[in-house]
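J.: What follows is each chain in one-letter form.
Number of protein chains: 4
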Amino acid sequence: MNRDTDIVVIGGGVIGCSIAYQLAKRGVRVTLLEKDRIAGQASGAAAGMLGAQSEMHEAGPMFDFARRSRDLFPDLAEELKELTGLDIGLTHRGMLKAAWTDAEAAALRADGRFHQEAGGRAEWLSPCETGWLEPGLSKELRGALHLPDEGHVLAPELSAALAAGAARLGARIMEHADVTGLLTESGRVIGVQTREGKIRSAGTVLASSLWSAQILAPLGVELPVYPVKGECFSLTVRQPLLARTIASDGCYIVPKPGGRIIVGATAQPGSFDRSPRLGSLLSLAAQAQRLVPALAEAEWERAWAGLRPQTPDGMPYIGEITACKGLFAALGHYRNGILLSQATGVLAASVLTGGAAAAEAALPGAGELLEAFRPDRKAAAAAVRQ
Amino acid sequence: MNRDTDIVVIGGGVIGCSIAYQLAKRGVRVTLLEKDRIAGQASGAAAGMLGAQSEMHEAGPMFDFARRSRDLFPDLAEELKELTGLDIGLTHRGMLKAAWTDAEAAALRADGRFHQEAGGRAEWLSPCETGWLEPGLSKELRGALHLPDEGHVLAPELSAALAAGAARLGARIMEHADVTGLLTESGRVIGVQTREGKIRSAGTVLASSLWSAQILAPLGVELPVYPVKGECFSLTVRQPLLARTIASDGCYIVPKPGGRIIVGATAQPGSFDRSPRLGSLLSLAAQAQRLVPALAEAEWERAWAGLRPQTPDGMPYIGEITACKGLFAALGHYRNGILLSQATGVLAASVLTGGAAAAEAALPGAGELLEAFRPDRKAAAAAVRQ
Amino acid sequence: MNRDTDIVVIGGGVIGCSIAYQLAKRGVRVTLLEKDRIAGQASGAAAGMLGAQSEMHEAGPMFDFARRSRDLFPDLAEELKELTGLDIGLTHRGMLKAAWTDAEAAALRADGRFHQEAGGRAEWLSPCETGWLEPGLSKELRGALHLPDEGHVLAPELSAALAAGAARLGARIMEHADVTGLLTESGRVIGVQTREGKIRSAGTVLASSLWSAQILAPLGVELPVYPVKGECFSLTVRQPLLARTIASDGCYIVPKPGGRIIVGATAQPGSFDRSPRLGSLLSLAAQAQRLVPALAEAEWERAWAGLRPQTPDGMPYIGEITACKGLFAALGHYRNGILLSQATGVLAASVLTGGAAAAEAALPGAGELLEAFRPDRKAAAAAVRQ
Amino acid sequence: MNRDTDIVVIGGGVIGCSIAYQLAKRGVRVTLLEKDRIAGQASGAAAGMLGAQSEMHEAGPMFDFARRSRDLFPDLAEELKELTGLDIGLTHRGMLKAAWTDAEAAALRADGRFHQEAGGRAEWLSPCETGWLEPGLSKELRGALHLPDEGHVLAPELSAALAAGAARLGARIMEHADVTGLLTESGRVIGVQTREGKIRSAGTVLASSLWSAQILAPLGVELPVYPVKGECFSLTVRQPLLARTIASDGCYIVPKPGGRIIVGATAQPGSFDRSPRLGSLLSLAAQAQRLVPALAEAEWERAWAGLRPQTPDGMPYIGEITACKGLFAALGHYRNGILLSQATGVLAASVLTGGAAAAEAALPGAGELLEAFRPDRKAAAAAVRQ
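Residue numbers (UniProt numbering), protein chains in the order written: chain A, 1 to 386; chain B, 1 to 386; chain C, 1 to 386; chain D, 1 to 386.
None of these hints come from the bench; they were simulated from the model. Incorrect hints may appear among the rest.
Identical copies look the same in the list; a pair holds intra-copy or inter-copy alike.
[As the list claims (entries may be wrong)] Dumping the calculated DMTMM-like pairs for lysine to aspartate or glutamate here, alpha-carbon to alpha-carbon at most 25 Å:
1. Lys139 - Asp36
2. Lys81 - Glu360
3. Lys198 - Asp273
4. Lys256 - Glu78
5. Lys378 - Glu222
6. Lys256 - Glu117
7. Lys81 - Glu301
8. Lys256 - Glu175
9. Lys378 - Glu117
10. Lys198 - Glu297
11. Lys198 - Asp249
12. Lys378 - Glu320
13. Lys256 - Asp273
14. Lys378 - Glu129
15. Lys139 - Asp102
16. Lys325 - Glu78
17. Lys198 - Glu368
18. Lys81 - Asp102
19. Lys25 - Asp111
20. Lys256 - Glu301
21. Lys139 - Glu123
22. Lys81 - Glu299
Generate the whole structure from the sequences, applying the supplied hints.
T.: See the structure below:
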């Protein structure tokens, strides 16, 4: 790619920031456009879990993609710390998926066997072993699946560090920059229209999931993405209460540095509203307190909500949009945006700068992934039609 | 009182601010000393209820005092609005005390009869009448006691307006001003020692409940006051949900201007900790949502806690401390500080400027009240001894 | 207007809220759509001045409109307080426009004569008179123009109260509701498309100034509006320092209830960025401290910025858009949105419910105003062409 | 020291937290009492500079102490990260002390020679070299002294990490815990009185500088400490502007991770007020913008103030108080609390657990330092008498 050409990235969530960072690392002149503030939506609201195992329950491209993305984090964390001084709070202390009933226990054991067969570490713990590992857990649990390699990061810091790293490498980061349309020429996207003027570019990346429909509609393209609201809250404790992330039935409890604990998350599809509601917080808090009774004494900090962008078949769209040459989609990561951000960044940046070969070199298996995540894949369209 | 003499008020909660304001109105040169910020403790954390009936269940000085104090609010609100531009949010839309069981209903009916006999308005409502008045209430309630004259104010604004009003009338309001001791001469208090120097005064008012022990200890005086932590949270709704305050079994739901709703309050005696805890908020939220099911959809705002200063017999200390001439106590108002602040201000300021006669003129029945609230009364001391 | 029809108002700034409120008062079923939060942009960032004289320097429709709008505030304040409990902080303590040089003094005297001739109160004050009225002002001023009828409100509270009042009267207020397009049928606007679905309506009001271009572009309509960034900061003082608003050369100092002081505002055209910048705050602070030296001791609170929507000829667009039947514009109020909100609300709501006759009845002279503010007026278009 | 004995540390600023952490590391059961929140005062307000050279201008115990303390930070940062997950943001990118005049340049050159002779790195830079190293600096500077080894940390994170680390090692951290007096027996301090009860301990550390007078007064001990208010503000920039800390004439500009910049600090002796004032911020901002003109475009974040505890001779008090056996003072670190916290923690903890020999082993030269910082040294007392 010629040093004079630009790539415009639309959307300053963790996906857009990761792509901008990887492009800047590859010597590309990038402009990142964010309509509000960096990581102002879901990326800043996330608990930051890297659930490469806990969120994946069957073999397939998502499973591979997730594991590869997780493996990129340790180097990235060092790189960003060196470059920007920011610490993304990466830890790998593992997770316990706890069972309240025999049925849940059986399902988790099956899940554990799947991960073992896939070459990952996963171990079923009896109630006694569970309590030995995490004494703060309820004594009434029927055991837990231990995934010792699961980790998490500080989600807002991750996006901030990627954006700051990109800026340090020469990228232009523009906040309060609304994209109002795409510039096209002979059916090819050649830049973007913002409220402050036109920006021409050799390539354009669309990484703004829930606002993508507005941008694509005038081109007659539809990439279905739906919002799923997730409500969370945070607590603080003085004395350490948990070492690992605890999860059970939609509720997870993530111990963060310095005694902070994030509890998440509800899943309410269909609404663009971003307000945390009393009823949701109440049931989430009841679940968390049942799992870790001593949380009753934790200090309340605050509550918030974010919208995760879901696609019909549960997989992100990554790749050029067939009907719009020059427009590369990287969106729809649902609740795995933090985890998948790194592999998405590497994949998008390598394809954009060196094509399929570069992608394969950067991320072995890239070809299959790109095939699976094609924006015009049938599965997504089929799901829409139903 | 000579225009050259000063009165120092220790403590910038609502009681200290009210006394400073009433003194300034009477032409006294006042200095108010607050160790942190105005209304930074319980006075800023209160829901602002004026529970002249709902908090009082038997005849006696507290009952009289509460009703008189409530009656002072309408004039005060106008006065402060005129003087400072601040609106204290006074409303008198009434309260419903709701019953879940027949036993609760019977107790509330008895309470209602007491208030009727005492000349106040109180009316028992059937479940149907309750629902007609407040359609947002649970249909499972057994009825409610309607106290149509109960009201509330915005607690932080009340203290702020009293302090601003006092300042406007010439009082000196000093924040970040720690009183480290009292100056005495021949057994008489003649001023205060602060970290920034001495302030001499003709009179000194002690209105800092939970820090009073530190100030009185060197003089060998003990005025027992205990902290009782109260946790609250606030919500917002777009469409009006309630017109009146709802109360039941320790939980109250107070509709504030503009769709804000305050839910309070736990009562945890003995701790000076001011952190809102998950467990307390959880049980409070469950109570509130059971009372008003549509609160489940309300937006969460924030949670906080305050410490109310309780005395052994439940009554405040108001009057000169026998063993320390020149030192006037006005503290220990427990969870009725907002309500009682106005009568306390008038009582203290009139006694200090004109003695018993002036107090009687300003507040008929003042003599009996001052007798009941004497800091050296036997009841308080007796309760301590046990 | 039929009770079954709806009007959709796009934009929850002060203009949209005022129109929704006036429509709800007239019995119309209104839905207000705000992409973020009510008054989240310029309307919440304003200092709230009602500069019916200070902002107007020549006869014409803007001058008349401003004075009529100002005159609507006292009744409105009472109405909203009664309906919602919210106090909009209306005061009419006047303003001093201060002169540092003889040239400024001459210009202000001329301005004063204009206002006197127009029947308004305006009085030139010598340096001595200026200092007598406002002792906090610099002794180096060459005098000031006194406009005793100028006032101000609390800007965020005004929008909040209008929205809450509208909701109380049955309007539906929807936040986080992005309008992505207009629904049209045979060239007539018949509703809006949001990310959550279509809303059909008998009439549609466009009150979202800086986002209007995106909505109008697909219809081929252009209503030029430009952002002008304004930076402000606030201070607090314990002892009253000023009674009146002080203005000089782009800097104004507005004393708010309870010792709060707002200092504004820069004017930086052309940028959509909403960040307060150090350099701008520095020069604004230097101006303010020169005007009122004792501000040096005021406590810093915070800084912020907002974008005012400016039109080419400085007048708002109010009226149906010729090319889009059914679409009524009410936008582009630049830095007078707070002041003009009430007359705009009355004008728009009366036209929409009763046509020109109703408008004339509600606001005498409405016909001329509507002619002057026509969205397709030549002046605006001409200014664009240049 | 017996495992059953306790040490109570009074004061949860950076000094108290560091001592508690070092004691916990040595196996001591510690209780840390903080009247408000951890690092709620000066320790949380600091810019976090480790000015081992920039703050020291002559040989002596302070100079040695500062360099030793600085050298402890790299290991500490790793230790705390491992133990608590918190990153204290340690960087060592150096500092430029800039000269506007020839006189300033001469003074800085002399300062540089002193540091070179003392074995430290220090280099005078011409205007051209200065601009080459930091292109953002004003072109009008006469050069700068480059201290390449100076660094800084994130001050609030440092205290938080020390407290969390201590807690993890078994210390009890109590916030909202006011110490109202010391318990004594035969002239020996045997614990503390808090508002919630007595705590007996084998040793007591007094690390609460500006509240120490209240605690010591009843024992007839005077350790003079004076508050010096420091006001600061923070900015953010998207593109990196500075790599090193810039200092000139009381103003320093500290580039923090992720584009945050802290500008400090005024020095206003004698007041306990903790409000940032407009006048101070204005002159600080003018200085900063003159040094780095592009700061004019930086985004304003917020302003705050803290009180630094100064002693008459500029040195902290570290050691047992002669008149109160069992009471160890560690306070009065003025504006070098962050820098000196580590050596103070090691010194205090080693003396308390193993006496002079242990201190010498832990920190060579400890004996001389303890002699210099003796609370009853003549210099401090002499300075008071004048």
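J.: All hints are to be evaluated individually against the structure, with a verdict given for each.
T.: How the hints compare with the structure:
Proximity of Lys139 and Asp36 under a CA criterion of 25 Å is satisfied in neither setting, with 46 Å inside one chain copy and 35 Å between copies. Taking the closest pair of Cα atoms, Lys81 and Glu360 never come within 25 Å of each other, the shortest separation being 27 Å inside a single copy and 36 Å across copies. Only between protomers do Lys198 and Asp273 lie at most 25 Å apart by alpha-carbon distance; the minimum there is 16 Å, versus 31 Å within a single protomer. For the homomeric pair Lys256 and Glu78, the shortest alpha-carbon distances inside one copy (19 Å) and between copies (17 Å) are both at most 25 Å.
For a Cα distance limit of 25 Å, the shortest separation of Lys378 from Glu222 inside one copy, 13 Å, qualifies, whereas the shortest one across copies, 40 Å, does not. In the homo-oligomer, the alpha carbons of Lys256 and Glu117 never lie at most 25 Å apart, since the shortest distance is 30 Å inside one protomer and 46 Å across protomers. In this homomeric assembly, Lys81 and Glu301 come within 25 Å of each other (Cα to Cα) only across copies, at 23 Å, whereas the closest approach inside a single copy is 27 Å. For the identical chains of this complex, Lys256 and Glu175 are inter-copy neighbours only, at 20 Å across copies versus 28 Å inside a copy, given an alpha-carbon limit of 25 Å.
When the C-alpha separation of Lys378 and Glu117 is checked against a cutoff of 25 Å, the pair qualifies neither within a copy, at 29 Å, nor between copies, at 75 Å. When the C-alpha separation of Lys198 and Glu297 is checked against a cutoff of 25 Å, the pair qualifies only between copies, where the shortest distance is 23 Å, while the shortest distance within a copy is 54 Å. In this homomeric assembly, Lys198 and Asp249 never come within 25 Å of each other (Cα to Cα): the closest approach is 48 Å inside a single copy and 35 Å across copies. Taking CA atoms no more than 25 Å apart as the test, Lys378 paired with Glu320 passes inside one copy only; the shortest distance there is 15 Å, against 45 Å between copies.
Taking identical chains as interchangeable, the C-alpha atoms of Lys256 and Asp273 lie at most 25 Å apart only when they sit on different chains, with a minimum of 23 Å there against 27 Å within one chain. Proximity of Lys378 and Glu129 under a CA criterion of 25 Å is satisfied in neither setting, with 46 Å inside one chain copy and 59 Å between copies. Taking CA atoms no more than 25 Å apart as the test, Lys139 paired with Asp102 passes inside one copy only; the shortest distance there is 15 Å, against 37 Å between copies. In the homo-oligomer, the alpha carbons of Lys325 and Glu78 never lie at most 25 Å apart, since the shortest distance is 36 Å inside one protomer and 49 Å across protomers.
Taking the closest pair of Cα atoms, Lys198 and Glu368 never come within 25 Å of each other, the shortest separation being 35 Å inside a single copy and 39 Å across copies. Neither within a single protomer nor between protomers do Lys81 and Asp102 lie at most 25 Å apart by alpha-carbon distance, with minima of 44 Å and 39 Å respectively. For the homomeric pair Lys25 and Asp111, neither the shortest alpha-carbon distance inside one copy (38 Å) nor that between copies (41 Å) is at most 25 Å. Taking identical chains as interchangeable, the C-alpha atoms of Lys256 and Glu301 lie at most 25 Å apart whether they share a chain (13 Å) or sit on different chains (23 Å).
Within a single copy, Lys139 and Glu123 get their C-alpha atoms as close as 19 Å, which meets the 25 Å cut-off; across copies the closest is 49 Å, which misses it. Proximity of Lys81 to Glu299 under the C-alpha cut-off of 25 Å is restricted to the inter-copy arrangement: shortest distance 23 Å between copies versus 30 Å within a copy.
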